[in-house]
Each structure stands twice: as C-alpha cells, then as structure tokens.
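Trainee: Take a look at the letters that make up each chain.
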Amino acid sequence: MNQKEPLLNIQNLSVEFRTIEGTVYAINDLSYTLNSGDILGIVGESGSGKSVSSLGIMKLIPNPPGKIVNGKIIYEGKNLVNISEKEMEQIRGNDISMIFQEPMTSLNPIIKCGKQIAESLILHRGLKKKVAFEQAVEMMHSVGIANPEQRAHEYPHQLSGGMRQRVMIAMALACKPNILICDEPTTALDVTIQAQILDLIRHLNKEMNTAVIMISHDLGVVSELCERVIVMYTGCIIEESSSQELFENPLHPYTIGLIKAIPKISKDREPLQTIEGVVPNAMEKTDGCSFWPRCKDVMLRCKQELPPMIQVKQDRKVRCWKYVVGNRHEGI
Amino acid sequence: MIRSIIKLMKSNYLFTLGCFICLCWILAAIFADFIAPYGPITQDLSIRLNSPSLEHLFGTDNFGRDIFSRVIYGGRYSLLAGCVTVLLAGTIGSIYGAIAGYLGGVVDDIMMRLSEMILSFPSLILAMCINAALGSSLFNTMFALVIVAWPTYARLMRSVVLTVKENEYVEAARALGASKWRVLITEIIPNSVGSVLIMATTDLGNQILMFSTLSFLGLGSAPPTPEWGMMVSDGVNYFNKFWVAGFPGLAILTMAVGSNFIGDGLRDLMDPKLRKEF
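Order-wise, the sequence lines are chains D and X.
Heads up: the first sequence is residues 1 to 332, going by full-length UniProt numbering.
Heads up: the second sequence is residues 1 to 278, going by full-length UniProt numbering.
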C-alpha cells in the first residue's frame, strides 16, 4: 500500500435515524482519516455521535431505523458503505474489530472464555477447534491474563471486570485486525484497572501495529493514549488536532469548555466549571453552528451559517467562525 | 448446575416431591412388565368390578381387568404422549419464536399473527377438531396436541429473545464477524432456552391432562389400550365403584402436580428475586 494512502478514509459520512417522532440526525458530514499504526481519539459528550460513527464503520447501525444516508467509508480501496453483508462479515473481526464499553455484558455468559476467543479464529481463519483454542490461550497470555490455561476454561462470571475486558480485547485482536475500535473501553472500570487497560492497548498498538480508534468522553484517557484527537459535537467534528496541542491550546469554545470541566485534584479546589445549556435536540437541524446557543463568543454569523472546517495549521482543523479570516481572529 | 439442583432439592421440598413422583411414574412405565402383576388387557369376567384387595390392589374394572396393572402400563402412553408433545411443540415453538423475535419488523408481525390464529381458538376444542378430522389414534392425538401447543412456546421464546438480543454480547459477536444466523444459534437461542425449559416441565403435566381429556372424550387412543384418561372415562359408568375411575384419575393428578412442582422449583432457581439462599 502507498505510504501516504490512509488505512481508513471516511468522507462526508451522514447517519440518520428515522423514528416515529421524526428524523434524528446522528452524524452530519463526518470526515476523517486513520493511518496504519495510529491511535486516534474521538471525544464528545453523550449523544454527540461518537459511538454511532464507530458502529457506522462496522456497518452495525440497527437498520431500521438507522441508515447511512451519505458518504463513503474507504478501507483498502473498498467502500464499506456499498459492499454486501457477506463481504462485511469477512471484514468484521478480521480486518476491523471492536471492543465495547461494558465488559460485564459483552461476553456471552454461557460460553467459556477460551472458546469465545477461539470462535473468531475458527470463523475467519478456518482453524480446527483444538488449534484455535491453543491460540486463544496464547492470546489470553499476551493480553496479560495470568494463568491463561486455567482462565480459558472459566466462564465470564468467574472473572473480574478488568479481566473480562482483557478477554474482550483478546477476542477482538485474535485475528490480528488492522483497526481496533474501542468504544469507551474503560468507562466501567476503576482507575487503576483503567490505566492497565490503556497500557495494554498502547502496547498492543505498538507490537501488532494495529491502528486504534479510541472513543471516550474522558479527556484524560484520550490525552494519555492518543496522538491525534477529534472532538465531536452533535454529529459533527468541531476540532481536530494533535492531542498535546489540543490540551495546551484548545481553539473551539466547546473544547475550551470541555477542558475546563475536567475535575482537578489539587489543594485549592475551585468550583467545577460547566458548559451552560444542554446538547441540542438532534432532531432539529439548525442552519448555523449547532453550538451557538451555548457559546460564549457567539456572533451573528454563527446563527446563520454553519462554519466550514478551517485548517489553521498543519494537522489542526477547527469548525468555528472565530478563526475565519475577516472575522475576529485571535488566540492562535 | 447439578450442585444448585441438589441445593434446590434440599430447600424446596415440593420440588423434591415433584421429582420423586415423576421419577416413580417414569420408572413404573419403563419396568411395567416386571412390576405389574397381571397383563393390562387380560380379562377375567368372573371377578369384574371387584373392590381393591390384596390380590388386586386397585380393584378390577367391568371386564375384570386388574386396574393396578392397567395404571402401571397406562403410564407408558400418557408419559409418551406428554413428553413427545412437549418436546416437539417446544422445539418447533422456540425456533419459530426465536426467528420471529430476532428478525423483528415485518417478519415478526407476520409470524406472530400466524401463530395467534391458532391461539385464538379454544385449545381443547381445536385439538378435538383436528383429532376428529384425522381419526383417533395415539399418533394423531399427539399431532393435534403439538399443533395446539407450539404457539405458546413461540410467544414465550419471542419475548425472551427480544430482551436477549439487546445484550451487548450479541453486538460484540456481530462485531467479530459472526453472521446473523450464527449469532442466533450460538448466542441468542442458548441464552433464551432457560425459561422455555421451565415452561416445558410445567407444561408436561398440562399435556398429559389434555391427552387424558381427549381420551376421556373418546378421541385419543382406542380401547383396549390402558390409557389413563380412557380408564377414567370407563369408570364414569360405575360411579358407585370409586376405584374404577378413581385410581387412574389419581395417577393423572399426581403426574400433573409432580411436573408442576418441578417447573415451579426450576423457576425459583432461575429467578434471582426468588433466589434467596442459592
């Protein structure tokens, strides 16, 4: 593959949910690229479309009511939006894999852990049961499960939360996929386990050269792990940046608010800052920027026109009228 | 699983009693040839309608046949009919219901409306109609009972599948590349059958009752087959000789109650709210 060609290229992706009450515009015009070996973070509040975008890549959006109405998802030259379900099943788990938020419920309670990991090897690699099981045990070892031979014969309820998430990761990585999508993998875990799981993901990313898409509402997790971060709001990307720059110098008023809202542990505690207002109803499509009702720097133009994605630097994009030449522009 | 059943037996004596009763009847039916003192259709008109005695524990009927032996042999027919009906209706119903619930949407609507067509008839009358139309034989009666019984299983299975399919492990399996049908077979059905199994144990008693009812009404098996329901029906003509209808009736009662006890016990085992010390 050409060095410059990205592993995954999402162009103008839009997803809608058509419900009885009306159409929910979950994702609007989402575009980003992922290079092989990258760790990309996607942050946003609940309902910002971060999970739907990842399900979109897997083509697992429940249909009906959900539908990809526009856009392309290009992976290895194929547009995943158009390919058949059969071809997609080949890609899922084999090329693109996913781990979920709740390790407690993401494992089948009545199948032994080792067998669950072996399942995808049998499915995609056509391995014999015994060989697959041996590889599963090996996989469990490489995700840091102590005593994998014994653990492989245990049921999910016999394992702790962190252990189950490791099993989940082993399942997702069993076929050595090119892309691993992590949908808030540490939300349900406590802080020390969270750090271990993040370490594990980073380690596996280096070792297996698996590109990772890390979805989280936790900016701490993202800053810890990711090189590049996308901030989403109401289904749009509003800022894209390297993770270091994002935290040192956030551009979009929403990102600034988000970073201010992180609780800090220090002696002189200040009251926690919040962003005023709530996430707007995704059923209403506004003409302007969707953040203007909550924005401190709102201008007239914000209410009338959706700001374009503005390239302010290399690898630094923001969707805000503040940074368009001709408007007030400062802070860069 | 086995350990929790033993625990259940210790704490829930009705469950233990149910297991004991059912086991007794099953063993009696299997080893009828050794247990029964007389043949089930051996007639001796000189001793017709004798009251229970040491020689004839349950007395004799109007043809002088030993009722005890007939009850022991009769278990074969009733238990067979009950088990086969529950097994077939349960399998057909659960697969049907699982498919309907899993696919959802229009398919679900059409499939469930079809099954409700059968449910909308009074079940006994429908079974009688089918049985009467096909002619009475053991096989036809079982067929009629299956036709009547499967929609209940389908409905139960569908409702369970509707909740099971929302579990994250179903989505996780899809995300790992399992096809829809594979997910249905490996993830959804195994996680849903629990409640169907419980219903099946309870239903076993009902099906034996239904079968006996049909036999009582002259459908079902033909004389001189020693079938419990038919024996009760024979006894109706000799109302002052309680043993003729009474003992086969008792057999039906104990079998139905026993399987209900088992079903109740299993339900308690599965229901975390009722699961006190398990």
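These aren't lab readings, by the way, just hints derived from the structure by calculation.
Any given hint might turn out to be false.
FRET-style restraints, in silico, Cβ to Cβ [unchecked claim]:
hint	chain 1	residue 1	chain 2	residue 2	range
1	X	Gly104	D	Thr286	47 to 55 Å
2	X	Ile5	D	Gly22	50 to 58 Å
3	X	Lys180	D	Gly37	26 to 34 Å
4	X	Gly104	D	Lys303	36 to 44 Å
5	X	Gly104	D	Val312	28 to 36 Å
6	X	Glu166	D	Ala195	28 to 36 Å
7	D	Glu284	X	Leu14	39 to 47 Å
8	X	Glu166	D	Thr192	25 to 33 Å
9	D	Arg18	X	Ser120	30 to 38 Å
10	D	Gly22	X	Leu134	49 to 57 Å
11	X	Ile2	D	His217	22 to 30 Å
Each computed BS3-like pair below joins lysine-lysine, with the alpha-carbon atoms no more than 30 Å apart [stated by the list, open to error]:
hint	chain 1	residue 1	chain 2	residue 2
12	X	Lys165	D	Lys86
13	D	Lys115	X	Lys180
14	D	Lys130	X	Lys180
15	D	Lys86	X	Lys10
16	X	Lys241	D	Lys112
17	D	Lys285	D	Lys72
18	D	Lys128	X	Lys10
19	D	Lys128	X	Lys180
20	D	Lys86	X	Lys180
21	X	Lys165	D	Lys129
22	D	Lys115	X	Lys7
Here a beta-carbon is modelled for each residue, glycine too, at the ideal position from N, C-alpha and C.
Trainee: Look at each hint and say if it fits the structure.
Mentor: Now for the hints, and whether the structure bears them out:
As the Cβ distance of X/Gly104 to D/Thr286 is approximately 33 Å, the hint placing it in 47 to 55 Å is violated. Our hint of 50 to 58 Å for X/Ile5 and D/Gly22 holds, since their Cβ atoms are close to 52 Å apart. With their beta carbons about 33 Å apart, X/Lys180 and D/Gly37 fall inside the hinted range of 26 to 34 Å. The given range of 36 to 44 Å is respected by X/Gly104 and D/Lys303, whose C-beta atoms sit roughly 41 Å from each other.
For X/Gly104 and D/Val312, the Cβ-Cβ distance of about 47 Å falls outside the hinted range of 28 to 36 Å, so the restraint is violated. Checking the proposed 28 to 36 Å range against X/Glu166 and D/Ala195 shows it holds: the Cβ atoms sit about 31 Å from each other. Between D/Glu284 and X/Leu14, the C-beta spacing of about 59 Å breaks the proposed range 39 to 47 Å. Separation of X/Glu166 from D/Thr192 is about 31 Å and conforms to the stated range, judged on CB atoms against 25 to 33 Å.
Evaluation of the 30 to 38 Å hint for D/Arg18 and X/Ser120 yields a pass: the beta carbon distance comes to about 33 Å. For D/Gly22 paired with X/Leu134, a C-beta distance near 54 Å keeps the hint of 49 to 57 Å intact. Checked against the hint of 22 to 30 Å, the C-beta distance between X/Ile2 and D/His217 comes to roughly 45 Å, which is inconsistent with it. Distance hint between X/Lys165 and D/Lys86 is fulfilled; the C-alpha atoms sit about 21 Å from each other, no more than 30 Å.
Of the supplied pair hints, the one linking D/Lys115 and X/Lys180 holds, its CA atoms being roughly 19 Å apart against a limit of 30 Å. Pair hint D/Lys130 plus X/Lys180 holds up; C-alpha atoms about 25 Å apart against a cutoff of 30 Å. A distance of roughly 51 Å separates the Cα atoms of D/Lys86 and X/Lys10; the hinted pair therefore is violated under the 30 Å criterion. Distance restraint check for X/Lys241 and D/Lys112: the Cα-Cα separation of roughly 60 Å exceeds the 30 Å cut-off, and the hinted pair is therefore not satisfied.
Taking the CA atoms of D/Lys285 and D/Lys72, the gap is near 22 Å; set against the 30 Å cutoff, the hint holds. Annotation: proposed proximity of D/Lys128 to X/Lys10 is violated, straight-line Cα distance about 43 Å (limit 30 Å). For the given pair, D/Lys128 sits about 22 Å from X/Lys180 by alpha-carbon distance, which is consistent with the 30 Å threshold. For the given pair, D/Lys86 sits about 10 Å from X/Lys180 by alpha-carbon distance, which is consistent with the 30 Å threshold.
About 26 Å separates the Cα atoms of X/Lys165 and D/Lys129, which keeps this hinted pair within 30 Å; it holds. In summary, the hint linking D/Lys115 to X/Lys7 is supported, as the alpha carbons are separated by about 29 Å, within the 30 Å threshold.
The structure shown violates the earlier hints numbered 1, 5, 7, 11, 15, 16, 18.
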